[in-house]
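J.: Chains A and B supply the protein sequences, listed in that same order. Numbering-wise (my numbering), the first sequence opens with residue 1 and increments by one. Numbering-wise (my numbering), the second sequence opens with residue 1 and increments by one.
Be aware that a few hints might be false.
With a straight-line cut-off of 16 Å between C-alpha atoms, the simulated EDC-like cross-links for lysine to aspartate or glutamate are [what the hints assert, rightly or not]:
| # | chain 1 | residue 1 | chain 2 | residue 2 |
| --- | --- | --- | --- | --- |
| 1 | B | Lys190 | A | Glu40 |
| 2 | A | Lys27 | B | Asp220 |
| 3 | A | Lys27 | B | Glu221 |
| 4 | B | Lys77 | B | Asp123 |
| 5 | A | Lys27 | B | Glu225 |
| 6 | B | Lys174 | A | Asp39 |
| 7 | B | Lys266 | A | Asp39 |
| 8 | B | Lys456 | B | Glu404 |
| 9 | A | Lys8 | A | Glu40 |
| 10 | B | Lys266 | A | Glu252 |
| 11 | B | Lys278 | B | Glu304 |
| 12 | B | Lys328 | B | Glu304 |
| 13 | A | Lys232 | A | Asp244 |
| 14 | A | Lys261 | B | Glu350 |
| 15 | B | Lys174 | A | Glu40 |
| 16 | A | Lys27 | A | Asp53 |
| 17 | A | Lys232 | B | Glu245 |
| 18 | A | Lys27 | B | Glu224 |
| 19 | A | Lys232 | B | Glu247 |
Residues from chain B that keep clear of chain A, each with C-beta distances beyond 12 Å, as calculated [as the list claims (entries may be wrong)]:
| # | residue |
| --- | --- |
| 20 | Asn44 |
| 21 | Tyr124 |
| 22 | Glu170 |
To be clear about the criterion: a stretch of chain B counts as covered by chain A if any three or more of its residues have a C-beta under 8 Å from a C-beta of chain A, and this derived list gives those stretches [claimed, not checked]:
| # | segment |
| --- | --- |
| 23 | 33-40 |
| 24 | 206-218 |
| 25 | 395-409 |
Note that these hints are calculated values from the structure, not bench results. The model shown is predicted, which means the values in this text are computed figures rather than measured ones. Glycine is no exception: its CB is placed at the ideal position from the N, C-alpha and C atoms.
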Amino acid sequence: MFKIVSKKQLNEAVTLMDIEAPYIASKARAGQFIIFRIDEYGERIPLTIADTDPERGTVTIIFQAVGTSTIALSKMNEGDSIQDFVGPLGNATEIEGYKNVCVVGGGVGCAIAYPSAKALHNAGAHVDMIAGFRNKDIVILEDEMRAVSDNLYVTTDDGSYGEKGFVTNKLQSLIDAGNKYDLVIAIGPIPMMKFLAEVTRPYGIKTLVSLNPIMIDGTGMCGGCRVTVGGKIRFACVDGPDFDGHEVDFDELMRRNSYYKAQERESASHECRMLAAGEAAKEAQKNG
Amino acid sequence: MANLSLTKVPMPEQEPNVRNRNFDEVALGYTEEMAKEEATRCLNCKNRPCVSGCPVNVRIPDFIAQVAAGNFEEAYKIITSTNCLPAVCGRVCTQETQCESKCVRGAKGESVGIGRLERFVADYHMAHVSEPVPAIEKNGHRVAVIGSGPSGLTCAGDLARLGYEVTIFEAFHKAGGVLVYGIPEFRLPKAIVQKEVDNLEALGVEVRTNFVIGKTLTIDELFEEGYEAVFIGSGAGLPSFMGIEGESLIGVYSANEYLTRVNLMKAYLDNYDTPIRKSQAVAVVGGGNVAMDAARTAKRLGAEHVYIVYRRSEEEMPARAEEVHHAKEEGIEFMCLNNPTRILGGENGEVRAIEVISMELGEPDASGRRRPVAIPGSEHEIEVDTVVMSIGTSPNPLIRSTTEGLDANSRGCLVADENMATSRPGVYAGGDAVTGAATVILAMGAGKTAAVSIDKYIKEKNA
Chain A
1 MFKIVSKKQL NEAVTLMDIE APYIASKARA GQFIIFRIDE YGERIPLTIA DTDPERGTVT
61 IIFQAVGTST IALSKMNEGD SIQDFVGPLG NATEIEGYKN VCVVGGGVGC AIAYPSAKAL
121 HNAGAHVDMI AGFRNKDIVI LEDEMRAVSD NLYVTTDDGS YGEKGFVTNK LQSLIDAGNK
181 YDLVIAIGPI PMMKFLAEVT RPYGIKTLVS LNPIMIDGTG MCGGCRVTVG GKIRFACVDG
241 PDFDGHEVDF DELMRRNSYY KAQERESASH ECRMLAAGEA AKEAQKNG
Chain B
1 MANLSLTKVP MPEQEPNVRN RNFDEVALGY TEEMAKEEAT RCLNCKNRPC VSGCPVNVRI
61 PDFIAQVAAG NFEEAYKIIT STNCLPAVCG RVCTQETQCE SKCVRGAKGE SVGIGRLERF
121 VADYHMAHVS EPVPAIEKNG HRVAVIGSGP SGLTCAGDLA RLGYEVTIFE AFHKAGGVLV
181 YGIPEFRLPK AIVQKEVDNL EALGVEVRTN FVIGKTLTID ELFEEGYEAV FIGSGAGLPS
241 FMGIEGESLI GVYSANEYLT RVNLMKAYLD NYDTPIRKSQ AVAVVGGGNV AMDAARTAKR
301 LGAEHVYIVY RRSEEEMPAR AEEVHHAKEE GIEFMCLNNP TRILGGENGE VRAIEVISME
361 LGEPDASGRR RPVAIPGSEH EIEVDTVVMS IGTSPNPLIR STTEGLDANS RGCLVADENM
421 ATSRPGVYAG GDAVTGAATV ILAMGAGKTA AVSIDKYIKE KNA
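Isolated chain A, as found in the complex:
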């Protein structure tokens, strides 16, 4: 069992948790991920590691409550334990040898962009960061990102905070203003990564994206996380999760990630029904 040491709500849908996992905490590097399973009946869900505290033996995860397991996890509290937590899986983000980097995060993707920016910053690179959100209410990790970047640009789709516009526009304007990046890292929703890679393509700027496809084991065994990169099948868990954004077939990835959407909804409503039934039974007991 793995204990939830602390919990913080970053916005309405995004939760931060520190999980007690000393081996992973002392081993993990930026870009790697863990797989968790809440209980015997849960799915195995991959999440990129947001931060670690080797001394305290904790691993920080930041997640959006979107599916059955992440919704259930978001309802758990400090002191509770989850059944399974395994990692660090995948390869660390390459940070060596870059001098001028732009790290772009979209929404909850900022939670994954942040450790990469931090690692690059600590390795001595000049780091510009663009963090995009739909609106002011869902801005997360602003102070943390500011602390590890030379310039932080926050954008919102509706202009309610920072600059109005998309991260793609911001990156374009930074390139137009003469910034010479030798690496762009893009982490966020698949369409964002896809269009960001199109912004950098004409300039030949190396662009890494971090992919989070459906997977089971995270060690290369199921093949469910396969993505097409440069026309070849690659497994995100062992070959990635970072790939060259100019080579990734994003449309296919988007389709594959919607594989179980319908069943997920069914499962969620199934659970709601079960909860309702449970509550009703408790009520009946109380009243009886």
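Got chain A sorted already, so can you dock chain B onto it with the hints?
T.: Chain B alone, transformed into the frame defined by chain A:
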């Protein structure tokens, strides 16, 4: 006087059209009377050819004599003196190519049902005898076993009995390896595997799940933590794909993923969150035991049509005859001499058909089997909504890529000598990680050999 019946006492089974809708075990096992009757078919040959066919040298005629006499617990002791997983082996061993293939009775009629008797003895023991925990004096030496499949469990059990403090590291959340993620419930009930793991824990073996060697810790770090030797039994878990168009469409699985979702993650049970595709028609590509498992699983999940698509003829199929027979009984449709050329998608990128080309058999190839040759222009489509690729697996690179000085061959298999020693001192390996995908019993045999070698290595080192 021996029982001269030319055939084995039949194994009671669930009716095909009942069992292809449930996940309960297909073969129901012998009763005491059936077991005794079958046991009397053994001639108790002096030269014991059957024993030489067993990778772990079970004293077969001895245990069968005890079954015939009704001393089932005595039989159990004989089996488990060399085989620590009899309930598993009695079910999934390929007896027909091993012990039973050497049985004298097989020359005329059917061999003695050694596997069925082994299963009976193991099941009888589980049902009637609660295991007393043997008192073993610990010798203070620690050994790490990587992987909790058949080779790891065997190696760990043998070392624990010798007094070693053994820790098994398992990447998944449950111990058992291919026995829990791969082989379906209807062939090998998971409660049996769990029981075997429980027995090991009672012997003092520590099982650490959620631990990926090569990631959470490396082999070098295991030595730093105080382990004196390491056994690698990490299996051959990396699925192969054909490299044809359409393999990333929605509805295409590796057999590993398909079976893991159902077996380990229990997608067939309503109270588990694991999703699996609700298929109408499924093509399983391949002709091995795993392909049969995937096909029979698909049928049980409710698919109306399940096809085995195999490029050679049924004669060349690597699957056990018994599995092929069971699959056919359950309504699996065999489309042999067909090789997939591409998978076709419809709306939303979902599978709508698999295109195959007809094959004919030519001259024998390197494997000694007749080479399948495509018949030009014979491409045709089979309408399916799901494709399961079951064309083989290869060893996982996680360990070899993080362990310096550990030699592997061009296929990614670790190199080990006849004592299961690798190129690194103190590191031993066996099972599919060394041989590539093979059988449960061969892996167990390798685990046994490695345990002997590790014992010798540690004793010599500390002498």
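J.: If a hint holds in the structure, say so; if it doesn't, say that too.
T.: We went through each hint and held it up to the structure:
In summary, the hint linking Lys190 of chain B to Glu40 of chain A is supported, as the alpha carbons are separated by about 14 Å, within the 16 Å threshold. Taken as a hint, the Lys27 of chain A and Asp220 of chain B pair is honoured in the structure, with Cα atoms around 14 Å apart against an allowance of 16 Å. Our distance criterion of 16 Å between C-alpha atoms is met by Lys27 of chain A and Glu221 of chain B, whose separation comes to about 11 Å. The hinted pair formed by Lys77 of chain B and Asp123 of chain B meets the criterion: a straight-line CA distance of about 13 Å does not exceed 16 Å.
Distance hint between Lys27 of chain A and Glu225 of chain B is fulfilled; the C-alpha atoms sit about 15 Å from each other, no more than 16 Å. For the hint pairing Lys174 of chain B with Asp39 of chain A, the CA-to-CA distance comes to about 12 Å; that is within 16 Å, so the pair holds. Of the supplied pair hints, the one linking Lys266 of chain B and Asp39 of chain A holds, its CA atoms being roughly 13 Å apart against a limit of 16 Å. Distance check on the hinted pair: Lys456 of chain B and Glu404 of chain B sit about 24 Å apart at the alpha-carbon level, beyond 16 Å; violated.
Restraint check for Lys8 of chain A and Glu40 of chain A: not satisfied, since their Cα atoms lie roughly 25 Å apart, outside the 16 Å limit. Only pairs whose Cα atoms come within 16 Å are accepted, and Lys266 of chain B paired with Glu252 of chain A is rejected, the gap being roughly 27 Å. Our distance criterion of 16 Å between C-alpha atoms is met by Lys278 of chain B and Glu304 of chain B, whose separation comes to about 11 Å. For the proposed pair Lys328 of chain B and Glu304 of chain B, the alpha carbon gap of about 14 Å is at most 16 Å, so the pair holds.
Of the supplied pair hints, the one linking Lys232 of chain A and Asp244 of chain A holds, its CA atoms being roughly 12 Å apart against a limit of 16 Å. Distance hint between Lys261 of chain A and Glu350 of chain B is fulfilled; the C-alpha atoms sit about 13 Å from each other, no more than 16 Å. Using a Cα cut-off of 16 Å, the hinted pair Lys174 of chain B and Glu40 of chain A holds, with the two alpha carbons roughly 10 Å apart. Distance restraint check for Lys27 of chain A and Asp53 of chain A: the Cα-Cα separation of roughly 10 Å lies within the 16 Å cut-off, and the hinted pair is therefore satisfied.
Restraint check for Lys232 of chain A and Glu245 of chain B: satisfied, since their Cα atoms lie roughly 11 Å apart, inside the 16 Å limit. Distance hint between Lys27 of chain A and Glu224 of chain B is fulfilled; the C-alpha atoms sit about 15 Å from each other, no more than 16 Å. Straight-line distance between C-alpha atoms of Lys232 of chain A and Glu247 of chain B comes to about 11 Å, which keeps the hinted pair within the 16 Å bound. Its beta-carbon lying about 45 Å from the closest one in chain A, Asn44 of chain B satisfies the requirement of being farther than 12 Å from that chain.
Remark: the non-interface label on Tyr124 of chain B is consistent with the geometry, its nearest Cβ contact in chain A lying 30 Å away (cut-off 12 Å). Glu170 of chain B, annotated as away from the interface, has a beta carbon of chain A within 12 Å; the closest lies near 10 Å. With a cut-off of 8 Å between beta carbons, the segment 33-40 of chain B has 0 residues touching chain A; three or more are needed, and the interface restraint is violated. Counting residues of the segment 206-218 of chain B whose beta carbon lies closer than 8 Å to any beta carbon of chain A gives 7, which reaches the threshold of three, so the coverage claim holds.
Figure legend: the segment 395-409 of chain B, annotated as covered by chain A; annotation consistent (3 residues with Cβ-Cβ distances under 8 Å, at least 3 required).
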